[in-house]
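Engineer: Take these sequences, add in the hints, and give me the full structure.
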Amino acid sequence: GNSVTQMEGPVTLSEEAFLTINCTYTATGYPSLFWYVQYPGEGLQLLLKATKADDKGSNKGFEATYRKETTSFHLEKGSVQVSDSAVYFCALLNEKLTFGTGTRLTIIP
Amino acid sequence: KAGVTQTPRYLIKTRGQQVTLSCSPISGHRSVSWYQQTPGQGLQFLFEYFSETQRNKGNFPGRFSGRQFSNSRSEMNVSTLELGDSALYLCASSLDLGVSGTDTQYFGPGTRLTVL
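Protein chains in written order, with this note's numbering: chain A, 26 to 134; chain B, 1028 to 1143.
It is worth saying that the hints were derived from the structure and are not from the lab.
Since the model is a prediction, treat every value here as computed from it, not as a measurement.
Everything hinted at is true.
Partial pick of chain A residues on the chain B-facing surface, computed with a CB cut under 10 Å:
#1 Glu67
#2 Glu120
#3 Thr123
#4 Phe124
The calculated DMTMM-like cross-link candidates involving lysine to aspartate or glutamate, where the alpha carbons are at most 20 Å apart (straight line), are:
#5 B:Lys1084 with A:Glu120
#6 A:Lys77 with B:Asp1123
#7 A:Lys77 with A:Glu88
#8 A:Lys85 with A:Glu41
#9 A:Lys85 with A:Glu40
#10 B:Lys1028 with A:Glu67
#11 A:Lys102 with A:Glu33
#12 A:Lys102 with A:Asp80
#13 A:Lys77 with A:Glu94
For every residue, glycine included, the Cβ atom is placed at its ideal position computed from N, Cα and C.
Structural biologist: See below:
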């Protein structure tokens, strides 16, 4: 079946630090991969996506590359801001979205 | 273009009651999916509708049901509510979940259901 394993949180970083949130997956076929972000009291917002191997998704300074050989889709950002504090979900799409457990990120000034 | 809207945003019910939640997708989107989010189980898929037909269903009891109307709006119903049904219920829409390139799902703000 499909599954997503995501880096356990919470993660606390100082402003301008480098961010990596690890995500690996198990799936049949070639699913599309997504990162969603959830701010307090809100629904999920699409952050970025990749639909095939070696695709790089990017948005708002965040990047993730679809690595088929390592079945990974790690999220990175070179310099985080306080406004990036949120919960981040890695997900794969194979008829339905299967989510990781979420990683709570807190950025301190 | 307006996003996905869900009503109501908050609901308080008691055990044994039933509840109906509503979702209006982004204009032009024909696929609507529902998810349940709880602290213990995370985000879990409930079901997906396309052109008024349920195409996919998650592992939830029959108390959870849904439907989709000809304008793509969708409702989900939970009967005989239990304490464990307390959750954030999220609706997501896409052009067509079954077709690569049109399958990105956009989420609404959710309905927070509390069962007492």
